[in-house]
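Residue strings, one per chain:
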Amino acid sequence: MNTVSHVIITPEETLLDGKCIFRGSITGLYREFAGDYPKFFKMDSLCRLGFMAAELLLKNIPAPIRENAAIVLFNRNGSLITDRNYQKTISDDNYFPSPALFVYTLANIVTGEIAIRNKIYGESSFYILDEYNAAQIEDISASVFITSSPSLLLTGWVDYNDETDYLADMKLVTDKETDLR
Amino acid sequence: MNELIDKLKTQLIEALNLEDMTITDIDTEAPLFGSGLGLDSIDALELIVLLEREYGIKLTNPAEGKEIFRSVATIADYVSKNRTK
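Protein chains in written order, with our numbering: chain A, 933 to 1113; chain B, 59 to 143.
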């Protein structure tokens, strides 16, 4: 596979293709590099993280190429932080559940948020692994190009534990040298 | 009624995570769905929960909800006539 672009987002910094482009929170990153999508504020933390990684990776990719992209993401914690938040809201006997919180109690929602924003119609999947496993991620990502023919693939790790412990390590890849202009 | 309208706007901002918005940014008569604030179906469910939690109003007829949630003004009108708390 050919890597087109690579982003790493941690609580300390955001690296795009090896260069530090931002230091600060995910919301700060949104205000600096997106800022035109109010739905961002409705998302849970995992989705905000994956959404911003995708924003940085896809910003220079023309819409017709983006449409046929595929999305395959991985993490360890699933949507656990939102699951816990939701559980808190329903632990009282006289509870009022929050539909807006409930919809994020699935980790794969992040792939949907990215697809909606970027009008991506290719396949998408989300894997929850025991731990970060670069070889397994590489194998599964490569298999996408065998089973379908996406124009490009958005793939990698997106895991959110709390505001001091999260990581997006995502790449935009093609199966060969492809002109993406 | 103006006090209720401002309270509803504050509750909408909080319940729907309308970050960066203040009550002066929300037009009382503007459509809440589609254009206007651009709310979606999940937001509609949040509004139904909000009315029950804050005002003791249980909405059971979906068709009725469409008219009630047309704008902040229509919500305020319905709440003032049907609230139980």
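Just so you know, not all the hints are guaranteed correct.
[Claimed, not checked] Only pairs whose alpha carbons sit at most 30 Å apart, straight line, appear in this in silico BS3-like list of lysine-lysine:
hint : chain 1 : residue 1 : chain 2 : residue 2
1    : B       : Lys65     : B       : Lys143
2    : B       : Lys143    : A       : Lys951
3    : B       : Lys124    : B       : Lys143
4    : A       : Lys1108   : A       : Lys1020
5    : A       : Lys971    : B       : Lys116
6    : A       : Lys971    : A       : Lys951
7    : B       : Lys143    : A       : Lys1020
8    : B       : Lys124    : A       : Lys971
9    : A       : Lys1020   : A       : Lys951
10   : A       : Lys951    : B       : Lys116
11   : B       : Lys65     : B       : Lys124
12   : A       : Lys991    : A       : Lys951
13   : B       : Lys116    : B       : Lys139
14   : A       : Lys971    : A       : Lys991
15   : A       : Lys1020   : A       : Lys971
16   : A       : Lys991    : A       : Lys1108
17   : B       : Lys116    : B       : Lys143
18   : B       : Lys139    : B       : Lys65
19   : A       : Lys1108   : A       : Lys971
20   : B       : Lys124    : A       : Lys1051
21   : B       : Lys124    : A       : Lys951
In short, the hints are calculated from the structure, not lab data. Predicted, not measured: the structure shown is a model, and the values here were computed from it.
Evaluated hints:
1. Lys65(B) x Lys143(B): Holds, because 14 Å separates the two Cα atoms, which is no more than 30 Å.
2. Lys143(B) x Lys951(A): Status violated; Cα separation ~56 Å.
3. Lys124(B) x Lys143(B): With Cα atoms ~23 Å apart, Lys124(B) and Lys143(B) stay inside 30 Å; holds.
4. Lys1108(A) x Lys1020(A): Violated - the C-alpha atoms of Lys1020(A) and Lys1108(A) are around 47 Å apart, more than 30 Å.
5. Lys971(A) x Lys116(B): Holds, at roughly 27 Å.
6. Lys971(A) x Lys951(A): Status holds; Cα separation ~28 Å.
7. Lys143(B) x Lys1020(A): Distance ~25 Å between Lys143(B) and Lys1020(A) Cα, so the pair holds.
8. Lys124(B) x Lys971(A): OK: Lys124(B) and Lys971(A) at ~22 Å, within 30 Å.
9. Lys1020(A) x Lys951(A): Given pair Lys1020(A), Lys951(A) is violated - Cα atoms ~39 Å apart, limit 30 Å.
10. Lys951(A) x Lys116(B): Violated: Lys951(A) and Lys116(B) sit about 54 Å apart, past 30 Å.
11. Lys65(B) x Lys124(B): Satisfied, since the Cα-Cα distance of roughly 21 Å is no more than 30 Å.
12. Lys991(A) x Lys951(A): holds (16 Å)
13. Lys116(B) x Lys139(B): Distance of about 13 Å is within 30 Å: holds.
14. Lys971(A) x Lys991(A): Status holds; Cα separation ~18 Å.
15. Lys1020(A) x Lys971(A): Between Lys1020(A) and Lys971(A) the Cα gap is close to 23 Å, so the pair holds against 30 Å.
16. Lys991(A) x Lys1108(A): holds (20 Å)
17. Lys116(B) x Lys143(B): holds (12 Å)
18. Lys139(B) x Lys65(B): holds (16 Å)
19. Lys1108(A) x Lys971(A): violated (34 Å)
20. Lys124(B) x Lys1051(A): Roughly 28 Å separates the two Cα atoms, so the pair holds.
21. Lys124(B) x Lys951(A): violated (49 Å)
Taken one by one, the earlier hints fail for this structure at numbers 2, 4, 9, 10, 19 and 21, listed in ascending order.
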